[in-house]
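Asker: Using the supplied hints, reconstruct the complex from the two chains, each of which is provided in its own coordinate frame.
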Amino acid sequence: MKRAPHPHPSSSELSGPRYWRSLDDLAQTPEFLSQVEREFGPEASEMNEVDRRHFFKIMAASFALGGIGFAGCRRPESHILPHSKAPEHQVPGEPLYYATGFSLRGETLPLLVETHTGRPTKIEGNADHPGYKGGTTRKAQAAVLDLYDPDRATAHTKNGSKISNAEVSDLLASLKDDFAANDGAGAAVLMESSSSPTRLRLKKAFQAAYPKALWVEYDAVSVSNAAAAAAKVASSANLQPKYDLSHASRILSVDADFLDEEQGSVKFSKQFASGRRVRSSKDDMSRLYSVESNFSITGGMADHRKRLASSQMTAFLAAFALELELGVEGNRLRPILEPLAAKLDADTREWVAQCAEDLASHKGRSVVFTGQHLPPETQALGLLVNEKLGGLGKTVSLVEVDSGDSSSLADLAAAIDSGAISKLVISGGNPVYNAPADLDFAGLLQKVDTVVRLGYYADETSEASTYHLCEAHFLEAWGDGRTYDGDVVAQQPMILPLFDGVSEIELLGGLLGETDSDGYSLVYATFQSGNGNPGKRAFDKFLNEGFVASGYRKSRSNISGVALADWLGGFSAPAAPSGKESLEVRFLNDATVDDGRYANNGWLQECPDPMTKLTWDNAIVISPRLAKDLGIVAPNSMIQVARKNPNKVRDGRQFAKVATIKVGGREITGAIHIQPGLDNYTVILPLGYGRSKTGRIGANSGFSAYGIRSLDATAFASGASIGLTGETYQLANTQEHWSMEGRAIVREVNLDDYAADPDFVSSVGMESHSPPIYGKKGDKFSTQEKITETPRGGSIYEHPNFTGVHQWGMSIDLNVCTGCNACVIACQSENNIPIVGRDQVRRGREMHWIRLDRYFSSGLANDEIPEDPQVSLQPVACMHCETAPCETVCPVNATVHDEEGLNAMAYNRCIGTRYCANNCPYKVRRFNFFDYQERQLDKLYLGPLAPKGMPELVKMAQNPDVSIRMRGVMEKCTFCVQRINQAKIDQLSKAKDGSDVRVPDGVIQMACEQACPTDAIVFGDLKDSDSRVSVLRDNERSYSVLGYLNTRPRTTFMARIRNPNPKMPDYFDQPLSKVEYKAKAPKSPYGTTAHDAPGHGEAHAKEGGRH
Amino acid sequence: MSKVFPKWSNTLPLKVIVFAFVSVTTLLAGITYYVTPKYTRVGYEPSQPVPYDHEFHVSELGLDCRYCHDKVDESPVANIPSASTCMNCHSMVKTDSPLLEPIRESYASGEPVAWNRVHQVPDYVYFSHEAHVNRGVSCVDCHGRVDEMPVVKHAESHSMGWCLDCHRHPEEVLRPIDEVYNLGWEHPGGKKGQIEYGLQAIEERNITPPQSCTGCHR
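So the protein sequences, as listed, match chains Z and D. Per numbering that gives the first Met the number 0, residue 0 is the first one in the first sequence, and the count goes up by one each step. Per numbering that gives the first Met the number 0, residue 0 is the first one in the second sequence, and the count goes up by one each step.
In isolation and in its complexed conformation, chain D is listed as follows (with noise of 0.2 Å):
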């Protein structure tokens, strides 16, 4: 009687165990790595219509954040500056330049310019904004350094996990109120400093940051 299987199936049980194990692996750590919101958000970084260079702009100029965006502290959304914010100086500065075209239309023919959208959470979040900076949290925590990003771009994955991070732990980004718009500012005692400021402040203001449902999703 001849043999019904021949000799290299012998091995073939383990061949497709590795090989399974191999694609399952890869196939997990690709899903893991690039179907996160810490690849497909992270380093977005749009073009827009009118250049606005934010490092120029803040570190250069001295521009504080609530100079254009300035319903931040009373509002959830930080608004877009209208074009008649831009025009309050570039009336005067830099009134030919081509680059500006956008807003000097704008704000003769009342168009809105179309900002291309960097951040954006789902519509079943309600963030707000004025929660947070009213309270010491600071525009770098969730934003990245702004005032070092000539094109802005996505620095955080604002995945909801992300978010629950900070809620579990918030001594670690709190901070003085009136340093919440200074996107360079670091506590002076280090990470050790950072901590012990913020068990204080939590402490201190009855911060108590909502982890269920309701705190988000309405």
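If we strip away everything but chain Z, and leave its shape as in the complex, we get (with noise of 0.2 Å):
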């Protein structure tokens, strides 16, 4: 009998929940319903500015170059230059790894950097250290790029002109000399905030020497609200709140973007995701809760989430204190705490007392977690309801920090107003950029006689300075500094300054004269005199592992709610947003440049944000609700996009409308982005771009935030109005791209549902409806014999041989995946992949091998502006088919199986077809339109002709283990067999004449699996039935994307699994993407929607999988 064809499925037919990727794809507006049916966008696949004729007018002349002497003809000569004495520890061809520290606003990770032949390539975490277990995030990741900048200070200069080092030595010593001559009178420093054990000795020292001199600390995006916040409520100073999750069962986030952005988030990433490993449905598993006025990756996480513009947040954690027994101190407390809660609104009030009642119901084992931005206040009433909570020693605890004392950038304002200083030292930091708006930081310096810049960029602030020092890297320096918990890490260099740089406490003991103030004297120093002298053979046993665990003290102080009641008595809290006219403007360090220190690092800029997914630019991101008050939206459609053209609508391109913000007399102008998930009337605006005086990527990218960020707003500010200039903006987006056209793709269920029917992924999607995949109906089969007999199933295709020692397969559990690409840049740094610039994201072209897909489900129709939409991540990359649709159609055998299940692509056979990219179903083909690795991205048109682009510099960076790929061929994914193929080359090492030459569990790590925060990807050996991988995949939750195509993929995903409170006002039955896909069932003739019957999957399955 004739097998009747497979049909396509209608709309209403689609037999999994729906997701959308934007607010088009929900309207399914005609543009994107045209566009999605173009596979890769109109412009992904056409040739532009070029026209053929033009096209074949530069092949003939280049021919005809090519063709010009015989030099091709001869045998290139090449030397080999060993050393001349070799050195230790280096074997030639090997890498070798050594462990140092990235840190950031006080915080240092513990690294693990590969070096080959003494170049620092690859940036990994140190897997040794237990509270950060070898995360990252994408900014350490990226670090590795600055270092190779070419655009980076590379000399020191007085007024722009170059000066010797040993000119800087004698300013530092003359400025040594003025600062002792009078006790350091008229002298200030200016530095960013630090967990540097060396710098806080110097600090001390310098004080000590020069106690009149100011010191001054400034963080563009502060962190110190919290220790403002101890020292008022908890009875001794320099105490800061670290939070534990290590333990915490209810979860509740205050506007705190614990797994992303806040202070120690690999560490809580790594705490949540354990609390989140649901292995089986006998499971228990930890409850999150989070208000927030942006729409974060830890919003994003939550099983319950309210919008809250983050004024109201002290209303809120008064409201919620309320809730809870204030004992004794609840007479001083109720009557602070009742009108400040009298704000919120009854729905939320009545979502608080729920949230209340289950956060008291774990007592010991529940935290909230107060956003470090959020003022002091705020942050008083959070620790209180942690005590009060008995998460305080628990979730909570109250440490010694000691960082010394400091002036504020106010004070140093003032100052240098009156007069008082002629002498200012600034490192680090960019305060002529990020400095309050108010304080007019560039006028102030004209004010000061001598300014001496120490800064790895030369940018605004080198420009007003007299003096830039070049700064060195961190890779390149000595240096320490503190885990979010306060263990030491040590920062040893593995590469001389590329450019005579000096670090930060060469800076300083330079200042203090200090006799050996090279980094790492100073460094030993430190080490020495903080643990007591134990000698040089700890030290280096310091720097062989890379961190000492000792860690803050923890003190036994408690919070005191008089106090508190005291200090609240005269807050009166700002009234929230209400309309287009009186906006919250909220300021965010950007996902990707934070504050504007990485504007200049490529894998950065290209680097999507885990939420709005622009590249290189920010924009001011708004509610749809504000939106539609802007009328913005056209008539019939929820776009996010203002449109002046419907016609104009291209793949990657944004038409965003520009907007003017004002607020307290200034104001900014910027592209509109519409974001579901905010706070009506808050808006949000990303720092660090608009940055004025920065390297050829940073320049031209975004607006500057900081142009009306004031003194005493920093972190969000009120009474702002919004107005549409009329003008419009191409945003580059990476959101619309491959489109997956709402199949089953995210499967997700609650945790009630998950324990009643613990199979629940096999009753959705396709594959109750597809024949049998593997066998006949009722087959069942092991993991091992799917992978290497491959039953036959319905597929028509020849299976390849799988006859290798091992088959390789990755698992993915989007239950604990975030979103926070970091696996995006760590593939980037380890797989040489290029970036492409703001154009050809544009056209969609940009080459992650992996990316994050970002979807919405709002559970409303469609009709209505989605204002509380549910989000799922998924991380796609190449999935290893085992039957790959892209094989099949290669005309030259350039992409092709091996032995072990990879897909492998071969780059010297591939000529460009782009076949495999249109019959790939994930979208995971890349395609080298230009040479990106070669010429500069922004003159890629002239093809041939245009000027090699990439400096001697960058070309650095390149991992020697991945081959560098041309113009015109297709890359994906690999499974970095770099890495299995070393790990299966040291064990045929170990084996000689032995048999055992299978690589055991765990010792190959992808790139992407070692930077996961969360562990979320698992990589290994599916014919080993006891692997890591094999287990999850034979775990109920496991399911293939799009598995009823018969692809098999070698990746799986794990369902993922919410855990909301059915007592919460905002509790959903079942995910809202499920809710969605019901409602979109045919309704059966029995009053039931079709899908909506229990053992659906069942009921196919007895049907013989036939609809």
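Don't read these hints as lab results, they were simulated from the structure. Any given hint could be a false lead.
[Unchecked claim] In silico DMTMM-like cross-links for lysine to aspartate or glutamate, where the CA-CA straight-line distance does not exceed 20 Å:
1. Z:Lys989 to D:Asp122
2. Z:Lys661 to Z:Asp758
3. D:Lys70 to Z:Glu87
4. Z:Lys991 to D:Glu202
5. Z:Lys84 to D:Glu171
6. Z:Lys991 to D:Glu104
7. Z:Lys991 to D:Glu100
8. Z:Lys231 to D:Glu110
9. Z:Lys779 to D:Glu203
10. Z:Lys954 to D:Glu203
11. Z:Lys991 to D:Glu178
12. Z:Lys84 to D:Glu104
13. Z:Lys991 to D:Glu110
14. Z:Lys991 to D:Asp177
15. D:Lys152 to Z:Glu76
16. Z:Lys84 to D:Glu110
17. Z:Lys991 to D:Asp122
18. D:Lys70 to Z:Asp985
19. Z:Lys989 to D:Glu104
20. Z:Lys989 to D:Glu44
21. Z:Lys991 to D:Asp140
22. D:Lys70 to Z:Glu76
23. D:Lys37 to Z:Asp218
24. Z:Lys989 to D:Glu202
25. Z:Lys989 to D:Glu73
26. Z:Lys989 to D:Glu178
Quick caveat: nothing in here was measured; it's all calculated off a predicted structure.
Answerer: Below you can see the structure in the form of structure tokens.
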């Protein structure tokens, strides 16, 4: 009998949760529909600016040039240059690893850095550290590119002209003499905060030597409010709250993005993931509540999420505290808290009440996380609430952090204004760019006689300084720092400073006139004095291990409710933002370029923001409600982008309207991005863009939100207004590329439903409708049989022979993946993936081998603007399908399978037909439209005539174990085949003439797996039934994306579980995605929807898999 | 009516066919012989800054390969010795030989000696010495009798087909691990004995040389 062709599902029969990747997708606008049908978007496959005729002209010219001379016929002579004297430990061809640390705003991540012949190439987390366990962040991963940035400062300068190292020494010596002559009067030092013990030691020495000098610390994104709060309500000084989620089963995040942007995010991600990692339906799972103004990664992971302006968090916490037993302090606290809490509406009060009840019923195992940007009063309330929840000393501890005394930027401004400062040393930071706008810092600097600036880039501040000293990268300099919990981390260099840079501690050592002011001696001296002179061997051990697990000392202080009541008595919370004329703006450090310090890092610029998916620019992020109020929503559509002309919709190009935000008499102008899930009248302004003086990468990107940030409102400001300018701007957005058309891609279930039906994943999705994938109906196969014998099922293709010793596979747990993008950068660094530039991203040609798909689901019908969507994130890389659709269409066998199940890509065979990319259902193949590795990104369209753009310096960042791909070649995730091969070869060397050639489980770690702060990705050998990946693949939650296509992917996903509280007012019976799916399922004549019937998947199985 | 075509034109088609046949055959034969690694690589014998004589050092003095190429069994690359390795002996032996001047100079100044590369695989090929020498593939199988070469020359073609020949039939080259660096070793049972030994070694050592792209290309 002839088999009926498998029909394409109509939108009403889509048998799975429905997700939408953008509001356009949800609205199914005609432009969007035409775009998804094209698969790659119009411009991803078209030439631009060069027509066919012109192209042939250039081709002819290059052929003619190629024919001149016979230089290509001679064997090129090449040389091998061995060392003159072989250095210790170095094996040519083998990488060498060093432990070091990456510091950002006073938190140091312990790292292990891979070096090849003396140059650092890849940053990984130090897996030995008990708290961070090898996790990293995208910013740490990208730091290695900064080292080789051709735009970094390469010389010490005085008023713009180069000075020698000797002159720098003379300068420091003369400054020292000046300072010493009058106890430091007239001198000031401005630095960023740091946890480095060496810097603290030098700071104290500096303050002792020059008592009249002003020591100022300023961070563009402040992290000091928690300490200020603790100082008020906990009796002793120098205390800071430190959270610990390892035993937290109920977590409330109050405007805190603790999984991504807060201090300690890597540690929290690890701990949070371990509380969420459900392995069977009987396992317990923690619950996360989130109340926030922005839509953060933490909010995306939350089981219940409430949108609220940041200014209302004090009221929120006051209401929360009122729901708890306040004990004897209640009498004092209640009259203070009640008027604050009264500002919340009844719905929110109900939300708070139920949430508080849930947390209170888990005494000692619940925690309230307060965002680090919130004002000290709010932080103090958070501390009180944690104490009343019994969490103090368990989930939150007050620890003694000695960071010395320092003055604020306002003090410095006042001192300069009064003419008291004649010599200012600025180290790090970039105050001219990021100081509050009302200080006019550039103007202030003109009043100072001598400004000495130590900076990694010659930036805005350097321009306004007398001297610029170039700073050493952390991979070039000795140093130290502390982790979130206070463990001291070594920062050891692995390459000499490329441009004679000096480090901050060396600068301080010079100012103090220390005899041994080189970095090593300073760090060594700190280590010896801080640990009771344990000697050189102990120091070497410290360097070898990378850290000393010392930790901060815990304090036994209590929180005084009375002190809090006294303090809060005078606190008046601002009114909630209520409309487009009374908006609240929130300033956030950007997810990628941070506060502007990584503006010239191409990897980070091109890394999509985890939620908005914008690259290369920032945007004024507004809520759908505000967009509607502004009238920028087109009729019958909820498009996020304001379009001038609907026909101009292009893949990746977001034609955004430009708006002006006014607050406090200042204004800024930027493009608008509409993001569901924000507080209605809060506007999010990511900082860090709009740099006026930076390198080639960071130039002309976005707007600077610092322009409207004032000293008294650095985190959020109220009373803002917004108005459209009538212009549009093209944002580069990776959001709508490769839409999966709403099929059952991410599968979700509530925890109680999971317990009732552990096998739920097989009842959603097309698999319940398709013919059986493995064997005949009812056949049972083990994972090992499936991957090696591959029973034929309905496939017409021959399978390759999987005869290898190993069979590689990957499992990704969607229940713990937060979508932080650390894997994206790790992969880019490991696999020499180029950046393509803003223009190419707009055309949908970004090259990332792994991407994070972000889907929204609202549970609403299509004609309402969603304000409270749920988000589902999914990392997607090449799935290494056993019956790979890409392989069957390659005309030159450039993509074929190997014996161990890898879908290999032979670059030299590839002729660039792109058939494979067209045939890949997961859209994971990436094509080199240009020589991104070699040509300047702004001159790509000149083709072979374009100037070669990659400086030698940048080439040093490349991994020598991975081929560089040229123009016209397809590429994609290789499962880090270089790491697999290295591990296999190491195993062979061990085996010698023995037979044990199987690589033990866990030896090979993919770059993405290694970087993942939640261990969501597990790679291993599926042939070994005890390997971690086999166990996960056998788990009932495991499923294949688009499994019904019989592609048999080697990468499987584990369904996401949500854990809502039935008592909450916003409880959802099923994940919103599933609600939507059900709403779209066809109605059965028996009154229930077809997909609603119990045992849906089972029913299909009985029917023989046919509908 | 006069003839349009002269008489000699009758044989023209045949001549054209023969000429085309001969020239195409010659061209193909030329390409096959001159434009493949068998011709372009084999026999390449550049002179070196120091005329190091492998035959003398290995066959007459009995140096092991790994005295100089000491990382060959723990790294993908068989390292070229640093000047300090040479100076281990030559600080005492032949201390004033003019031929050794570049070595002494390098040792004193720290500047490397620029040796001419003889064997080179393309950048997209990731060959590992470690994986071969530790599993019973001898140096001689790829580099020839270096112990009989006063000047090192390229002995084999090192083309992809040549690699695959061996990866498909490893029994022809597998030998006991402790004979790997003995370039003169041959199986006492001759060709037949070698094949028998090789097949047994494949079984015992679980030898599965990769024959797919990922084995060498990353």
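Asker: Confirm or reject each hint.
Answerer: Verification of the hints:
1. Z:Lys989 to D:Asp122: Cα-Cα ~27 Å, so violated.
2. Z:Lys661 to Z:Asp758: Between Lys661 of chain Z and Asp758 of chain Z the Cα gap is close to 54 Å, so the pair fails against 20 Å, i.e. violated.
3. D:Lys70 to Z:Glu87: Measuring from Cα to Cα gives roughly 13 Å; hence the hint holds.
4. Z:Lys991 to D:Glu202: Distance of about 13 Å is within 20 Å: holds.
5. Z:Lys84 to D:Glu171: violated (39 Å)
6. Z:Lys991 to D:Glu104: Violated. Lys991 of chain Z to Glu104 of chain D sits at ~40 Å, over the 20 Å cutoff.
7. Z:Lys991 to D:Glu100: Since the Cα atoms of Lys991 of chain Z and Glu100 of chain D sit roughly 40 Å apart, the hinted pair is violated (cutoff 20 Å).
8. Z:Lys231 to D:Glu110: With a Cα-Cα distance of about 63 Å, the restraint between Lys231 of chain Z and Glu110 of chain D is violated, given a limit of 20 Å.
9. Z:Lys779 to D:Glu203: This hinted pair is violated, its Cα atoms lying about 34 Å apart.
10. Z:Lys954 to D:Glu203: Given pair Lys954 of chain Z, Glu203 of chain D is violated - Cα atoms ~44 Å apart, limit 20 Å.
11. Z:Lys991 to D:Glu178: Distance of about 13 Å is within 20 Å: holds.
12. Z:Lys84 to D:Glu104: Distance of about 12 Å is within 20 Å: holds.
13. Z:Lys991 to D:Glu110: Violated, at roughly 37 Å.
14. Z:Lys991 to D:Asp177: holds (10 Å)
15. D:Lys152 to Z:Glu76: holds (14 Å)
16. Z:Lys84 to D:Glu110: holds (9 Å)
17. Z:Lys991 to D:Asp122: Not satisfied, since the Cα-Cα distance of roughly 28 Å exceeds 20 Å.
18. D:Lys70 to Z:Asp985: Roughly 14 Å separates the two Cα atoms, so the pair holds.
19. Z:Lys989 to D:Glu104: violated (39 Å)
20. Z:Lys989 to D:Glu44: Given pair Lys989 of chain Z, Glu44 of chain D is violated - Cα atoms ~35 Å apart, limit 20 Å.
21. Z:Lys991 to D:Asp140: Satisfied, since the Cα-Cα distance of roughly 18 Å is no more than 20 Å.
22. D:Lys70 to Z:Glu76: violated (24 Å)
23. D:Lys37 to Z:Asp218: Not OK: Lys37 of chain D and Asp218 of chain Z at ~65 Å, beyond 20 Å, violated.
24. Z:Lys989 to D:Glu202: holds (17 Å)
25. Z:Lys989 to D:Glu73: Distance ~10 Å between Lys989 of chain Z and Glu73 of chain D Cα, so the pair holds.
26. Z:Lys989 to D:Glu178: holds (18 Å)
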